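**Student:** Here are the chains, one letter per residue:
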Amino acid sequence: MSASALWVYFPFLCGLFLLLFVEKQRFVTLFALILCAILTVIAMIIPVNSLIVMGSNSIIFSSDSDLFGRSMSINRSEQTAVAFFYSFAVLWFTGTLFVNVYRFFIPAALMVIALLVGVMAVDPFIYGAFFVIIAILIFLPLLWNEHQGDGQAIFRFLFYQILGLIFLSLGGWLSTSVDLNPQDEFLLKRAVILLFFGFSFWLAVFPFHSWIAMLMEKTNPYISGFIISLLQFSSLFLLLNFLNTYLWMRTYGPLFEGLKLTGLLLLLVGSLWSMFQKNLQRMLAFTVVAENGISVLLLGMGTKTTVNIFLSYLFIHVLALLIWSMATKDLGESTSLSFTDLNGLFFRKPYISLAILMAFFSVAGMPLLAGFPMRVSLLSVCFADSDTLGWLASIGCWLLLFSGFRLLLVFLRPGTIAEEKESTGQRIALVVGMLILLFIGVFPGFFNVFIVGIQQQYAIIFGG
Amino acid sequence: MNLPLTSMLGLGLISGSMLLILMSIERRASLLAFAGLYLGGGLLLVPLVTPQILISIVLTGMADATLLGTGNVRLQAPLPGRIITPRSFFRFFLGLIIWTLVYSFENKVAAWIPIPDSTLFAALFIICCSILSVALGNDIYLNFVNLLAIFFAFQLVYMLIEGSVLVFAFMTVINLLTALFGAILNLKPEEAQSEVGDQL
Numbered sequence: 001m002s003a004s005a006l007w008v009y010f011p012f013l014c015g016l017f018l019l020l021f022v023e024k025q026r027f028v029t030l031f032a033l034i035l036c037a038i039l040t041v042i043a044m045i046i047p048v049n050s051l052i053v054m055g056s057n058s059i060i061f062s063s064d065s066d067l068f069g070r071s072m073s074i075n076r077s078e079q080t081a082v083a084f085f086y087s088f089a090v091l092w093f094t095g096t097l098f099v100n101v102y103r104f105f106i107p108a109a110l111m112v113i114a115l116l117v118g119v120m121a122v123d124p125f126i127y128g129a130f131f132v133i134i135a136i137l138i139f140l141p142l143l144w145n146e147h148q149g150d151g152q153a154i155f156r157f158l159f160y161q162i163l164g165l166i167f168l169s170l171g172g173w174l175s176t177s178v179d180l181n182p183q184d185e186f187l188l189k190r191a192v193i194l195l196f197f198g199f200s201f202w203l204a205v206f207p208f209h210s211w212i213a214m215l216m217e218k219t220n221p222y223i224s225g226f227i228i229s230l231l232q233f234s235s236l237f238l239l240l241n242f243l244n245t246y247l248w249m250r251t252y253g254p255l256f257e258g259l260k261l262t263g264l265l266l267l268l269v270g271s272l273w274s275m276f277q278k279n280l281q282r283m284l285a286f287t288v289v290a291e292n293g294i295s296v297l298l299l300g301m302g303t304k305t306t307v308n309i310f311l312s313y314l315f316i317h318v319l320a321l322l323i324w325s326m327a328t329k330d331l332g333e334s335t336s337l338s339f340t341d342l343n344g345l346f347f348r349k350p351y352i353s354l355a356i357l358m359a360f361f362s363v364a365g366m367p368l369l370a371g372f373p374m375r376v377s378l379l380s381v382c383f384a385d386s387d388t389l390g391w392l393a394s395i396g397c398w399l400l401l402f403s404g405f406r407l408l409l410v411f412l413r414p415g416t417i418a419e420e421k422e423s424t425g426q427r428i429a430l431v432v433g434m435l436i437l438l439f440i441g442v443f444p445g446f447f448n449v450f451i452v453g454i455q456q457q458y459a460i461i462f463g464g
Numbered sequence: 465m466n467l468p469l470t471s472m473l474g475l476g477l478i479s480g481s482m483l484l485i486l487m488s489i490e491r492r493a494s495l496l497a498f499a500g501l502y503l504g505g506g507l508l509l510v511p512l513v514t515p516q517i518l519i520s521i522v523l524t525g526m527a528d529a530t531l532l533g534t535g536n537v538r539l540q541a542p543l544p545g546r547i548i549t550p551r552s553f554f555r556f557f558l559g560l561i562i563w564t565l566v567y568s569f570e571n572k573v574a575a576w577i578p579i580p581d582s583t584l585f586a587a588l589f590i591i592c593c594s595i596l597s598v599a600l601g602n603d604i605y606l607n608f609v610n611l612l613a614i615f616f617a618f619q620l621v622y623m624l625i626e627g628s629v630l631v632f633a634f635m636t637v638i639n640l641l642t643a644l645f646g647a648i649l650n651l652k653p654e655e656a657q658s659e660v661g662d663q664l
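Chains as they are written, first to last, in our numbering: chain H, 1 to 464; chain L, 465 to 664.
Some clues are possibly wrong.
[Stated by the list, open to error] Simulated coverage check for chain H against chain L, where a stretch passes if three residues somewhere in it have a Cβ under 8 Å from a Cβ of chain L:
| no. | segment |
| --- | --- |
| 1 | 62-76 |
| 2 | 88-97 |
| 3 | 132-141 |
| 4 | 157-164 |
| 5 | 280-294 |
Hints listed in this document are in silico derivations from the structure and should not be mistaken for laboratory results.
Computed from a predicted model, the values in this text were never measured in an experiment.
Built from N, CA and C at the ideal position, the CB exists for glycine as well.
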């Protein structure tokens with residue numbers, strides 16, 4: 001048995017199989033939860049390329065398998081990331097017990113998770129970009145709601161993702177040529193430009209950022225939150241893979257300078273525009289842009305410490321996005337997400353408003369919350385690099401905090417909100433989520449088991 | 465360029481089809497032009513790929529056209545009174561300008577993308593025209609036709625430089641899923657069906 005069969009093909013087929021039972025929501029949720037939990041545990045405790053003995057029988061658990069003449073391989077160093085993906089699925093599937101989502105969400109999400117594990121497994125890794133687009137296409141019908149707009153938001157999302165795929169694939173192909181002859185400046189510059197555009201489309205870099213705000217505003221918050229966090233993770237994962245695979249990229253100084261500048265631009269643009277939004281989901285969209293900026297900035301620094309902060313930050317961001325999405329979805333279909341309709345939310349739905357604020361402030365780096373230690377480390381390394389970088393990064397971080405305070409004011413301002421309260425189940429889920437965010441703020445090493453594993457995989461990038 | 469007859473025919477078919485899509489005269493015309501793109505692509509690839517791959521590409525295109533056309537195009541509807549309007553006329557000339565522009569810079573791109581000039585020219589022309597068409601219009605149906613055209617152009621280039629069966633399979637899946645999703649997105653609720661016109 002191969003690792004890809006267990007963590008890619010099998011869950012994908014299970015997702016397809018579950019499509020047949022979408023009417024039995026409880027069964028589907030339970031099945032997917034148990035499956036993902038088992039796959040997480042296996043990824044954590046059984047190393048690949050080992051012999052599994054069961055009585056008189058034995059199975060060789062191999063890392064490699066073939067797919068249309070190409071290799072799919074999951075190594076021991078990648079098992080932590082696999083465990084992360086499936087535990088991420090467990091969290092989002094558990095969330096569906098407390099919010100109403102489309103009945104197709106869990107089967108489609110299971111297939112998407114399997115495909116994103118495939119992104120890690122496929123060799124050459126650039127083919128992972130195709131897996132990402134297939135995952136997006138599987139998920140798109142769930143984002144489509146004929147009562148919210150004419151589909152322009154989803155079209156724009158797909159358009160930018162496909163343009164990103166085109167640039168990344170050509171850039172990946174050209175990178176291989178550059179690897180053979182790194183002195184060829186002609187090809188090198190073209191490869192870097194193509195990759196820059198590819199990642200710009202995927203990470204919503206200014207001026208290719210309009211899709212993210214449109215998508216998040218017009219679609220179901222829980223579903224868009226899920227797909228955005230996965231997309232963010234897989235884009236940055238591909239970027240790490242590029243740096244890990246090509247020596248010329250690791251030694252090309254202007255690339256890291258470019259990453260730093262792009263990251264800073266994203267952070268400033270995202271946080272500034274997040275301050276001026278009048279819709280909860282649009283505000284989140286620009287916060288995601290700012291977060292992407294922080295991730296790219298950290299990668300541009302190119303040290304072991306910054307990649308550590310980058311990974312910790314990514315985990316916190318995913319968790320905060322889950323809590324935000326759950327809370328926003330709990331507001332109900334009848335509540336508009338525009339700020340004028342959310343005035344006084346704190347007095348009507350205190351748990352939801354607290355959860356939204358905590359999720360936002362965790363990402364923004366408020367003291368005592370999960371993102372704070374990472375934010376302090378980020379600013380320290382920025383100031384160590386240069387004063388200008390440090391000050392500009394600080395301004396970006398402050399702008400994000402100001403957006404949070406603005407949101408707080410909206411929730412506290414008197415207004416008219418429907419009388420219905422949160423259900424007990426929703427309250428419990430939100431309180432647990434908030435406690436986790438507080439817990440991580442107090443014990444920032446909580447994700448270390450994942451981070452150390454993933455970091456080993458990319459040790460070569462940062463001189464490990 | 466010293467081209468084989470099939471490549472010349474393919475190039476002509478692609479150029480004509482793309483101009484027709486850019487002019488956006490009518491939904492049926494755009495759909496036919498879209499199918500023409502794939503036929504042109506097939507002719508262009510005759511000397512370059514195996515017949516199996518060739519048939520797969522053309523069939524994918526026909527499947528895309530069928531998926532997009534079903535429910536969105538009324539074949540029995542009468543032709544519009546005026547086919548050539550000032551808009552379509554100027555778009556046609558815009559297309560010709562782009563054709564000349566692409567012809568002038570194609571050799572520079574060919575220096576680092578090692579595929580036949582005719583294929584590269586066709587791919588660049590399709591991409592430029594489609595992006596322009598998406599930028600100029602906001603009809604979801606036509607936008608999907610253009611998106612699929614862009615992806616087809618990429619497919620022409622990437623399948624020749626990669627030469628991998630896995631990549632070809634991926635691209636076919638992406639192509640069909642995009643067309644399927646385009647068809648879903650274009651479907652109107654029951655009550656709005658009767659209001660769907662053929663004129664763009």
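**Student:** Evaluate each hint against the coordinates.
**Tutor:** Hint by hint, here is what the structure shows:
1. With 4 residues having a Cβ less than 8 Å from any Cβ of chain L, the segment 62-76 of chain H passes the three-residue criterion, so the hint holds.
2. A stretch counts as covered by a chain when three or more of its residues have a beta carbon under 8 Å from one of that chain; for the segment 88-97 of chain H and chain L the count is 0, and the coverage is violated.
3. Chain L is given as covering the segment 132-141 of chain H, and this holds because 6 residues of the stretch bring a CB closer than 8 Å to a CB of that chain, at least three being needed.
4. Coverage of the segment 157-164 of chain H by chain L holds [criterion: at least 3 residues with CB-CB distance below 8 Å; count 4].
5. Coverage of the segment 280-294 of chain H by chain L is violated [criterion: at least 3 residues with CB-CB distance below 8 Å; count 0].
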